[in-house]
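Colleague: Protein sequence lines correspond, in order, to chains C and H. Residue 788 in my numbering sits at position 150 of the first sequence, and the numbers go up by one each step. Residue 649 in my numbering sits at position 11 of the second sequence, and the numbers go up by one each step.
Keep in mind the hints are simulated off the structure, nothing from the lab. Among the clues, some could well be false.
Chain copies aren't distinguished; within one or between two, either way the pair holds.
[Unchecked claim] Pairs of lysine-lysine residues, derived as DSBU-like cross-links and limited to a Cα-Cα distance of at most 35 Å, are as follows:
id	residue 1	residue 2
1	687	812
2	977	893
3	916	893
4	916	977
5	916	687
6	893	812
Residues per chain, in single letters:
2 protein chains.
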Amino acid sequence: MTRQILIGMHLGNGYGNLPGAWRAPAVDPTSYTSFDAKVRHAQAAERGKLQFLFLPDGPTHVGDIANEPPNFNLDVMVTLAAIARETSHIGLVATGSTTFNEPFNLARQFKALDVLSHGRTGWNAVTSSGEDVAANYGQHIPSSPERYGRAHETVQLVQALWGSWGETAWVHDKATGRFADPEQVAPISLGGEYVASRGPLYIPPSEQGQPVVFHAGGSPNAHEFAGRWANAVIGAAFTIDDARAQRAAFREAAKRAGRNPDEIKFFAGLMTTITADKREGLDRRITLSGRTFPQRAAYLGRMLGLYLDPARLDEPLSAAQLSEARPSPGDPRSVHALKIARQGWTVRDILAHGVIDYHPVIVGPAAEAADHMQEWFEADAVDGFWVSPDIYDGGVDAFVDGVVPILQDRGLFHREYDGATLRDHLGAPAQYGVDPRITR
Amino acid sequence: MTRQILIGMHLGNGYGNLPGAWRAPAVDPTSYTSFDAKVRHAQAAERGKLQFLFLPDGPTHVGDIANEPPNFNLDVMVTLAAIARETSHIGLVATGSTTFNEPFNLARQFKALDVLSHGRTGWNAVTSSGEDVAANYGQHIPSSPERYGRAHETVQLVQALWGSWGETAWVHDKATGRFADPEQVAPISLGGEYVASRGPLYIPPSEQGQPVVFHAGGSPNAHEFAGRWANAVIGAAFTIDDARAQRAAFREAAKRAGRNPDEIKFFAGLMTTITADKREGLDRRITLSGRTFPQRAAYLGRMLGLYLDPARLDEPLSAAQLSEARPSPGDPRSVHALKIARQGWTVRDILAHGVIDYHPVIVGPAAEAADHMQEWFEADAVDGFWVSPDIYDGGVDAFVDGVVPILQDRGLFHREYDGATLRDHLGAPAQYGVDPRITR
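Input sequences plus hints: build the corresponding full structure.
Modeller: Here it is as structure tokens:
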């Protein structure tokens, strides 16, 4: 079978990736607390046959609460449990920190969700690195070796707990009165330098055995962790070359761990404003994030080695500015920003293109997003994308009804779910308990 | 308004309180992992206008896994999140240990569930005392003063976090662009000997403000903890006198903490086998728990100061045995057991009455359960009951369709939910943040 693009949908605070998404006419301003809204967005993504939903987590808030919502869901597990009952195929992936959670609690909640969702759950196992997060637990962030040391131990304990009720342990045979096979329900009794657990965890396998492990990050520590334990990486890259290099680094790490590199999928971020024409998209972005543009103009200027006057957003860069501009070698976004500037857009419109956002931004017709995805995919830069719409109400539909059919017509995206579990969707191999190919 | 009985329904492993409940003809043997089953049982309880569901938690398993299911839900929060979307009024109460959870994680999940359920959540804040639970966290159980010290700190941090996004902080006014009032979103920066958190927790109030605190336990530590922090106590009592004394102790503790004692409700446990006649109920219990009767006969004998031959379960106690019997003063069940024995039942039938179960057991017509509840309630021994049916599939309905209408006809139980939140159902006072009447 030809390799096809895999797509996840970012579900954050319920509004979208624009700071003012909550003010968009189509958006319910109470989506932050509305589980109706979360379910609606999840169902829209499932209608598009997307492989998974991805719920990042801090847990903290970074931003300007007077004008912008918090970044994350109220609680990722509670949200996904609600969504699980009202969807049937789409994968459900949430971040769970290995730094500030007990392995037993992580193992239990993710496996319960995996059973509830009939095998659609993924755990984005990450270390926490923000002091604002640590402070919520009355702690400081441990050193990087400590954080990754604990992460490696935690994932092994969690996977061992997931396998501690054996694959065929659960008999539930009314006729014989045999509830479970006690030979297959065993403590794990594992302990390391940072965490320990006896177990067993009393949860039988889900339809996919156990949740799929994801990771996010770009450091050598992240490569090694994901190479050993993950089937998917939530990545961030601004250029094809960067994405290709990151993907290759994760694949090499998987090989070093004795795995088939095809078992680890690399997902680049993509932010979308899908509209009939680009002008409409730029105007929406100006309306919903223009408040931040004066500061962003200064930032854009620094990226290009120029001074940009925040009071003159309605002018394009002058010929003199364009010839003076020097893209910052430390910021991969700056080459793209200069390219947009050279097209003659005003500073306001350059910013509305999202040139200094966290991921590449597509503003305009669906075909532009499809082109971007095709180009990156065919350059072997990614296995897929995690897509973050500008606004969820309407924006998920715009992607699903606009971009997805184009990719399907080009043979780049599946038309139906072939299987029912997240492992099926990702082509992740069957696994139960700790991956036996990994030497501990 | 006349005081009426309050009723909660115990939701455990999905089967019921009999060890062999999973084998009953009406019961789905996969209920342990079936969220359809949990939702079905919750909806049945809601049809009966019960005030709340109560989900205890270990988390561990105690029992004979070859023949009996684990005691608890796969995960109480995941289960309640699923139930919340498919019920509208019934309260959702789960146990969360203060010993092995971070206050920030407890605060976040319970408040997210409270928002999801539109103000129907309760947190049964308990200390963990089992070494088998501690082992799942690679730890040992701390001393009692340490456990209750951490519990007192934890509940204060949790309630402070619940109030850290102010009651009117969330403006979400599209017209003005004001998302929240930053003056009302403040760190709590509380720390004690055991736990600390900076906060804030970024979750606005639910329809009831914040979750209701429950407690379970019977020690002086439990009285003091519940007296200060709880609006409800999940109790266990075998006699009216015992229940009355326990209720009084909690009420006195509330007074010592400067509270109105009516703000703390005491719930006694009640196990039910509701059948058209007693014989049918006894036979069901023999079928579904008779496997345990040989050992239980020996235990019953010790309670009565007798030797009971496990091979002679089909005989009643002889006249000589009845006159020799001495109820154990240390076991409040023994007087009741002897009363049943004197009625001439066989040993098997005495055991089928549930005389050595964890709570009083009603076996027989619905009116017997109603009589028991009325008698205890009118003796001021309880504010209500938490009911544990022998089997959930059918047993919840038997209670709801049999016992509830009798109590309603006697004016002892409400016919409709008067309000929409758990605080409404319990008559618990409004609260947001740490209870201001409590001196810290």
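Colleague: Going back to the hint list, which numbers does this structure go against?
Modeller: 2, 3 and 6
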